[in-house]
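Can you build the whole structure from these sequences, using the hints too?
These protein sequence lines are chains G and S, in that order. The working numbering applies: residue 1 is where the first sequence begins, and numbers increase by one. The working numbering applies: residue 1 is where the second sequence begins, and numbers increase by one.
Keep in mind that the hints were calculated from the coordinates and are not lab data. A portion of the hints provided could be inaccurate.
Unchecked claim - Some chain S residues close to chain G (C-beta under 7 Å, calculated; not the full set): (1) Cys-33; (2) Thr-41; (3) Thr-44; (4) Ala-61; (5) Pro-70; (6) Thr-71; (7) Ala-97; (8) Pro-106; (9) Gly-110; (10) Ala-167.
To be verified - Chain S residues, not near chain G, derived (Cβ > 10 Å throughout): (11) Gly-31; (12) Leu-144; (13) Val-153.
Unchecked claim - Over the 12 Å line for every Cβ pair with chain G, so calculated as not near, a few chain S residues: (14) Lys-11; (15) Cys-18; (16) Thr-24; (17) Val-66; (18) Val-77; (19) Cys-95; (20) Gln-123; (21) Lys-124; (22) Gly-125; (23) Ser-152; (24) Ile-154; (25) Lys-161; (26) Leu-163; (27) Leu-176; (28) Ile-177.
It should be emphasised that the depicted structure is a prediction, and the values quoted were computed from it without experimental measurement. Heads up, the beta-carbon is just placed ideally off N, CA and C, and yes, glycines get one too.
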Amino acid sequence: MKEELIISGRMNPYVDPTLNIWHWQIPLYLFLGGLAAGILVFAALSYIRGREEAHPWAVKKVPFLAPVLLVAGLACLFFDLNHKLFFWRLYTTVKLQSPMSWGAWVLLVVTPLSIVWSALHIREFFPNWDWKYTWLKEAEKFANKYKLALAWVMLIYSVILGVYTGILFSAFNARPLWNTSILGPLFLASGLSAGAAAIVMFTRSKEERAYFARVDLIIIGIELFLITHMFMGFMASTQVQIEAANLFLGGPYTAPFWIFVVFLGLVVPAILDVLELFDYHVPAIVPSLLVLAGSLMLRFLISFAGQESRYLY
Amino acid sequence: MRYAMAIDTKKCVGCSDCVVACQTENNVPIGYCRDWIVEETNGTYPQLELELRSERCNHCANAPCVRCCPTGASHIVDGGIVLVTHNDCIGCGACIASCPYDARYPHPDGYVDKCTFCFHRVQKGQKPACVEVCPTKCLYFGDLDDANSEVSVILKKRKFKTLIPEAGTDPQLYFLI
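Below, the structure written as structure tokens:
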């Protein structure tokens, strides 16, 4: 038997007895960022594929949520900082090896892009909108002229944003649960799924709803595959990763993960989407809210459980 | 230049003098510590084997905290000592999450804090406070690149281990066993 004790009584706040440095802010931000990324990806994709008329809500209206979500997410990030007045230090350097650094820079690109995209479609909500100043009108003309290029840039940066929400965690080799590169694609898929769910929830077009419900169904399938893959990887890995996986396989996170994330957040909405395919009428808000809640829950559970997984003691 | 520390687990009695010396020398806020003592017990009574370790930041050669830091506040200075520039630190906690030894903590003033190998003393040619006060002289500090330094000499003579080398951080605390 082996027992290790810190006999000098180390009890550093937020570090002992288990790491507790990130609270609600980081997972909430990851959810908001992932959702915004999903919405922007579909807006850009539908526009690039010339589906502007077929998917009017995805391209023109739902993207109005993105800047709101991103700014709320940035506020969460700011609340998370312990040394808040120095936050601008993020933008005095580029650290390629630090996901947090390039994530901060990506946000600096994506947030204005989402605002520009929304501004281009402001007449969807205010048909008589007038930009008043000539330079703003000129700017609108310019952006409209290069809208396709804008869509491509937005697509690429929002995919990076979606992946980054997962990579942020997987860069930490000290926390075995996070230290898997599957988190990148998993969080991207979860963000895309949430984005599709948001479109399904808001759209008033029947065809668009049916289309994005199918898209969501495919992404949910991919998510289930990635989650299975993640646990297979853990179970075939070292002892620390087996113990990390056990937090979800019998440990304290088992019930919330399998009930709220996998069953209610993935399996049930998938079944409802399939029912919809066979012409049973399901209120769109039900699968959408379930997907959104599951996506939020996934971030919270991975964030909290990851902080409990460790090498030491 | 490669500063490192060797800790003689056979000589350490776990008195915690190093912890108190550090807190005093570095003005560590009450309730926090930059170094600590681990007591590892192996076996079942009466066949017990005890190991005492004075632990702190490992000043890793491949430091994950420096890699994860988004502002460059965590950095490595000449001699391989890992330091945090307080006014570059935004207190995001990435380095705290990245440390497999949990050697860092958020200082009540906002920035992240940790063992500095007493850089301010080392610069003047003195030893870190913990090494200086150790009553059993079980801590050795010095330059690994200098074959005659205290730490190089003892590491040549004795068997040693490092903590969780499998985390891939190349830690620079050597525990003599």
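We went through each hint and held it up to the structure:
A hinted interface residue such as Cys-33 (chain S) counts as satisfied when its beta carbon comes closer than 7 Å to some beta carbon of chain G; here the least separation is about 5 Å, so the hint holds. Hint status for Thr-41 (chain S): holds, given a least beta-carbon distance of 5 Å to chain G, under 7 Å. A distance limit of 7 Å between C-beta atoms decides the matter here; for Thr-44 (chain S) the minimum to chain G is near 6 Å, and the interface restraint holds. At its closest, the beta carbon of Ala-61 (chain S) sits 15 Å from a beta carbon of chain G; the interface hint therefore is violated under the 7 Å criterion.
Satisfaction of the interface hint for Pro-70 (chain S) is found here, the shortest Cβ-Cβ separation to chain G being roughly 4 Å, below the 7 Å cut-off. The closest approach between the C-beta of Thr-71 (chain S) and any C-beta of chain G is roughly 4 Å, which is under the 7 Å cut-off, so the hint is satisfied. Taking 7 Å as the C-beta cut-off, the interface hint given for Ala-97 (chain S) holds, the closest approach to chain G being about 5 Å. Given the 7 Å rule on beta carbons, the hint for Pro-106 (chain S) holds: about 5 Å separates it from the nearest Cβ of chain G.
The criterion of a C-beta within 7 Å of any C-beta in chain G is met by Gly-110 (chain S), whose closest approach is roughly 3 Å, and the hint holds. Taken as an interface hint, Ala-167 (chain S) checks out: its beta carbon lies about 6 Å from the nearest beta carbon of chain G, inside 7 Å. Taking the minimum C-beta to C-beta distance to chain G, about 7 Å, the non-interface status of Gly-31 (chain S) is violated against the 10 Å cut. Non-interface call for Leu-144 (chain S) relative to chain G: holds, since the shortest CB-CB distance, roughly 24 Å, exceeds 10 Å.
Distance check on Val-153 (chain S): its Cβ is at least 28 Å (rounded) from any Cβ of chain G, clearing the 10 Å threshold; non-interface status holds. For Lys-11 (chain S), the shortest C-beta to C-beta distance to chain G comes to about 16 Å, beyond the 12 Å cut-off, and the non-interface label holds. Taking the minimum C-beta to C-beta distance to chain G, about 8 Å, the non-interface status of Cys-18 (chain S) is violated against the 12 Å cut. Consistency note on Thr-24 (chain S): stated as away from chain G, and its beta-carbon is indeed over 12 Å from all of that chain's, at 14 Å minimum.
Chain G draws Val-66 (chain S) into its interface by the beta-carbon criterion, the shortest separation being 9 Å against a cut-off of 12 Å. For Val-77 (chain S), the requirement that its beta carbon stay farther than 12 Å from each beta carbon of chain G is met, with the minimum near 17 Å. At roughly 10 Å from the closest C-beta of chain G, the C-beta of Cys-95 (chain S) falls inside 12 Å, breaking its exclusion from the interface. Every beta carbon of chain G lies more than 12 Å from that of Gln-123 (chain S), the smallest distance being close to 25 Å; the non-interface claim holds.
With a closest Cβ-Cβ approach of about 27 Å to chain G, Lys-124 (chain S) is found to remain outside the 12 Å limit, as its non-interface label requires. The claim that Gly-125 (chain S) lies off the interface holds: its Cβ sits roughly 28 Å from the closest Cβ of chain G, which is beyond the 12 Å cut-off. Distance to chain G confirms Ser-152 (chain S) as a non-interface residue, since its nearest Cβ pair spans about 28 Å, more than 12 Å. At roughly 23 Å from the closest C-beta of chain G, the C-beta of Ile-154 (chain S) stays outside 12 Å, upholding its exclusion from the interface.
Every Cβ of chain G is farther than 12 Å from the Cβ of Lys-161 (chain S); the closest lies at roughly 14 Å, confirming the non-interface assignment. Remark: the non-interface label on Leu-163 (chain S) conflicts with the geometry, its nearest Cβ contact in chain G lying 8 Å away (cut-off 12 Å). The beta carbon of Leu-176 (chain S) sits about 18 Å from the closest Cβ of chain G, which is more than 12 Å, so the claim that it is off the interface holds. Against the 12 Å criterion, Ile-177 (chain S) stays outside the reach of chain G, whose nearest CB is about 15 Å from its own CB.
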